[in-house]
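**Q** Protein sequence lines, in the order shown, are assigned to chains A and B. Each residue of the first sequence is one higher than the one before, starting from 121 at the first, in this note's numbering. Each residue of the second sequence is one higher than the one before, starting from 51 at the first, in this note's numbering.
A couple of the hints might just be wrong.
Said to hold, decoys possible - Facing chain B, a subset of chain A residues (Cβ under 7 Å, in silico): (1) Arg154; (2) Asp158; (3) Leu161; (4) Gly810; (5) Gly834; (6) Leu837; (7) Thr838; (8) Ala842.
No lab work stands behind these hints, which were simulated from the structure alone. Even for Gly, the Cβ is constructed at its ideal location relative to N, Cα and C.
This is what each chain is made of:
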Amino acid sequence: MTEELDAGMVAQRIAESDQVSEPSPNGEVGRRRRRKEDARLLTGRTQWTDNIQLPGMLYVQFLRSPMAHARITRVDVSAARELPGVVAAFSGQDLASEQGSLPCAWPVTEDIAIPEHPPMAVSEVRYVGEAVACVVATDRYRAADALEAIEVDYEPLPPVLDMNDALAEGAPKVHETGNKAYTWKFAQGDMEAALRDAPVRIDRTYIQQRLIPSAMEPRAVVATTDGETFTMWSATQIPHILRVMLALTTGIPEHKLRVIAPDVGGGFGSKLQVTAEEVVCLLLTKRLGKPVKWTESRSEGNLTVHHGRDQIQHITIAAESDGRIRGVRVELLVDMGAYLMLVTPGIPLLGAFMYNGIYKMDAYDFTCTGVFTTKMPTDAYRGAGRPEATYAIERAMDELAAELNMDPVEVRRRNWIKHEEFPYTTIAGLTYDSGNYEAATDKALALFGYDKLRAEQADRRDRRDPVQLGIGVSTYTEMCGLAPSRVLGSLSYGAGGWEHGSVRVLPTGKVEVVTGSSAHGQGHETAWSQLVADALGVPFEDVSVLHGDTAISHRGMDTYGSRSLVVGGMAVLSACEKVKEKARKIAAHTLECSPEDVEFSQGVFRVKGTGAQKTIQELALAAFAAHDLPEGMEPRLDADATLDPENFSFPHGTHLCAVEVDTETGHVKIRSYVAVDDVGRVVNPLIVEGQVHGGIAQGIAQALYEEAVYDAEGNLLTSTMADYLLPSAADLPDFVTDRTETPATSNPLGVKGVGEAGTIASTPAVVNAIVDALRPHGVHDIQMPCTPERIWRALRERAQA
Amino acid sequence: MPRITVTVDGIRYEEDVEPRLLLVHFLRDRLGKTGTPIGCDTSNCGACTVLLDGKSVKSCSVLAVQADGCDVVTIEGLAPGNGQMHPLQRAFHEEHALQCGYCTPGMVMAALDLLRENPDPSEEEIRHGLEGNLCRCTGYCNIVRAVRRGAQEMGQAQEAGQEVRTP
Ligand code: FES
Ligand code: FES
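With the sequences and hints as input, model every part of the structure.
**A** In structure tokens:
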């Protein structure tokens with residue numbers, strides 16, 4: 121039985137979660153704490169950006185290009201300005217001198233082409249949905265009406281949609297500089313020798329289809345000014361980065377600009393962006409002196425929230441006949457879309473060090489070319505580069521197993537880093553600090569009933585059952601906890617990867633924590649409270665966590681890349697240590713002993729060998745009163761810490777998926793799904809399981825359902841939620857999740873991060889299972905999403921061949 | 051402009067509305083009932099689900115004028131007050147059935163309607179019953195568990211003779 125299925129255990133945990141008020145003797149870390157965030161979210165007392173109403177507020181709507189590629193020859197907004205309720209209307213040209221260019225913070229090579237990216241197009245549009253004009257009116261409906269009165273003349277230019285065509289000689293150009301943004305290479309070991317000498321070679325091409333991240337809360341922006349200072353609320357994951365970038369782009373001085381991320385309804389990387397709408401709203405409030413609000417419609421969002429993935433992956437494995445890998449070569453074409461947004465060019469590089477996966481080899485060769493097309497730009501989407509890498513290597517490992525007629529688990533075993541070999545420096549140059557692939561895999565195999573399912577599979581094959589059983593394996597790792605600043609620097613990223621935290625013990629002994637992480641569903645308020653409760657020995661309820669407002673949390677690097685706990689949580693912990701040291705000094709002073717003689721346990725400072733003691737709450741009051749503090753000590757019990765991680769962290773795990781594929785209809789049913797993840801030490805198992813569930817669902821969605829489709833003219837066919845198939849509860853199975861726990865050695869708590877793991881692992885597990893089911897029919901790949909039609913066609917083609 | 055009379059979470063409102071005004075915009079922008087969010091413009095996501103005369107509707111696909119004379123219950127009106135939560139809200143909390151919480155109001159209201167029709171649904175029935183409500187965060191496992199738990203608790207509370215708000 122897995123943990124979740126045991127009703128008795130659940131009941132006990134609930135009982136446990138309900139008794140509160142005392143610091144828990146066994147510690148908060150590791151408890152299934154119900155979330156502090158839930159009550160207001162469950163009762164509708166939320167503060168989504170679109171909920172914010174300010175006196176005199178005006179509403180903004182954007183007119184967007186219906187053409188994938190065209191020259192703008194005329195924009196006339198004058199008729200719109202005449203309509204009732206309309207306060208202003210502007211074309212890109214009207215704002216040309218002040219709107220600047222949207223930033224790209226990751227120039228991955230010296231010679232990268234970074235085209236100008238005006239928030240509203242001025243002379244040329246390069247994707248359907250690009251903003252060309254905006255209207256400001258007294259209500260949403262009037263603003264929308266007024267868009268129809270704007271006249272725009274376009275002179276069509278040829279769309280550029282296919283990456284291979286885009287790179288061909290004489291192809292129409294997206295930008296004057298051409299269609300290639302950059303080529304980035306990495307090589308280690310002698311790949312030529314591996315390819316020459318190894319008896320087995322697997323060559324495959326995989327398509328990472330374009331995805332629409334689809335956070336449930338559409339984007340929204342509110343901007344206001346008092347004439348001198350500016351405040352922006354935005355549905356963003358990155359209030360801190362956004363503030364810096366807006367200051368750089370708009371010229372509004374950083375210290376006059378406050379950015380607030382209130383309740384944010386999911387992001388998955390899609391709200392890690394500096395958007396045209398944010399810049400324009402700021403300019404509009406500056407011009408008009410009134411608060412403005414823009415709220416995206418979902419259809420607008422499908423067109424204009426950055427997309428994810430979109431790569432053509434060529435992968436070659438050179439191997440010995442016993443299955444041992446000699447080398448891996450990867451060549452990527454990555455669709456940048458029409459412009460380079462905040463971290464567009466860097467996304468595939470986050471995968472560059474991951475195509476070797478958990479395996480040992482002598483040589484590795486990676487080349488990536490970024491290509492411009494006339495589509496919405498791509499950028500971070502859950503996993504960002506690492507799901508793509510894991511997909512390619514895990515698919516190819518199954519092909520290697522099939523080629524050698526080996527069990528896919530066995531071929532992995534022969535290649536993976538053994539638990540006694542950690543820390544291990546991989547061929548890609550990363551040092552994996554810890555892991556135990558054997559333990560996670562063995563646990564997953566047992567939970568899954570691997571042997572029994574293989575026996576059933578053999579039986580169905582023998583019987584030529586029209587419903588075939590397929591088993592998919594994915595043994596993944598990922599680099600997360602982004603990131604050591606020196607590594608980001610070596611990859612030409614424009615900023616660091618540190619995080620900030622501060623902890624203040626208030627006069628009454630309650631604790632306020634300020635974190636630079638910016639939660640949008642992850643449960644930081646709960647998890648950070650658990651961390652601090654243990655570190656300071658205070659009750660969980662006595663801690664509150666503040667975040668997401670640059671006026672409160674003045675320093676931070678925000679939330680993405682499974683970094684919050686590993687970097688942000690550890691910064692908070694580090695601040696707690698400083699608070700404790702300060703309290704120890706006050707205790708020693710008050711109790712008239714030396715600080716070395718004071719021991720700390722569960723919120724109490726005791727003089728060794730005597731009964732004399734002070735609680736942290738008493739010491740907080742003493743610091744506040746400041747009547748009798750140690751010489752030179754400032755009267756406050758608080759501390760800050762800015763922490764730069766020494767290494768990435770490397771969660772890993774084994775996911776197993778069993779599918780039934782109806783070979784007559786192509787229909788796929790996931791029969792069982794088992795995930796055993798090793799995310800190191802766990803602060804809150806409930807939250808970890810939730811992250812894993814959601815991650816798996818998103819990965820399955822890529823494997824089976826989702827794809828952003830453009831037609832031959834460059835129109836997005838999947839521009840609404842009716843066309844872009846997000847899975848519902850009816851489309852997904854229950855997941856069996858479990859864990860192994862190999863603590864990270866790179867931070868004091870041993871945590872690794874969990875936000876992206878499920879998404880990274882699950883896509884190849886599902887597709888491997890489908891292909892495994894179809895292999896006896898001669899099928900060895902299905903392009904994602906593996907729709908019934910694609911499966912049915914593949915089977916038919918093989919049958920006809 | 052037509053004048054409508056509508057009761058929302060127990061309070062009666064009389065308002066002049068444009069005929070094209072959506073119920074969800076009426077609730078959010080006119081009445082300040084921002085507990086009900088909007089997730090799409092094609093009636094696919096279910097985030098905006100409320101109870102209209104006891105039955106769940108997607109308030110983005112109903113005009114405010116169509117709600118004239120009706121009783122609307124939103125997520126804000128579900129709890130009995132004084133810090134208490136409805137058993138289904140509590141079940142969502144206990145089972146960690148929400149992360150960002152954006153789908154949650156709609157999910158809870160849709161699940162209530164599901165339980166009204168089927169007080170003891172199987173996992174399969176819950177999954178199909180909530181097909182019109184999308185969640186991008188949870189993978190639905192815990193939502194299904196929460197609805198099961200909510201069903202049990204509502205059943206027990208009713209057996210014990212307590213009043214549980216079922217539409
Ligand atoms: S907002 Fe009503 S269904 Fe999406
Ligand atoms: S909890 Fe975020 S969409 Fe459901």
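**Q** Taking the hints in turn, state whether each one holds.
**A** Hints and how they fare:
Nearest Cβ of chain B to the Cβ of Arg154(A): about 6 Å, under the 7 Å cut. The hint holds. Hint status for Asp158(A): holds, given a least beta-carbon distance of 5 Å to chain B, under 7 Å. A hinted interface residue such as Leu161(A) counts as satisfied when its beta carbon comes closer than 7 Å to some beta carbon of chain B; here the least separation is about 3 Å, so the hint holds. For Gly810(A), the shortest C-beta to C-beta distance to chain B is roughly 5 Å, which falls under 7 Å, so the interface hint holds.
Hint status for Gly834(A): violated, given a least beta-carbon distance of 22 Å to chain B, over 7 Å. For the restraint placing Leu837(A) at the interface with chain B, the shortest Cβ-Cβ distance is roughly 14 Å, beyond the 7 Å limit, so the hint is violated. About 12 Å separates the beta-carbon of Thr838(A) from the nearest beta-carbon of chain B, more than 7 Å, and the hint is not met. With a cut of 7 Å, the hint placing Ala842(A) at the interface with chain B holds, because the nearest CB-to-CB distance is about 4 Å.
Going through the hint list in order, the structure does not satisfy hints 5, 6, 7.
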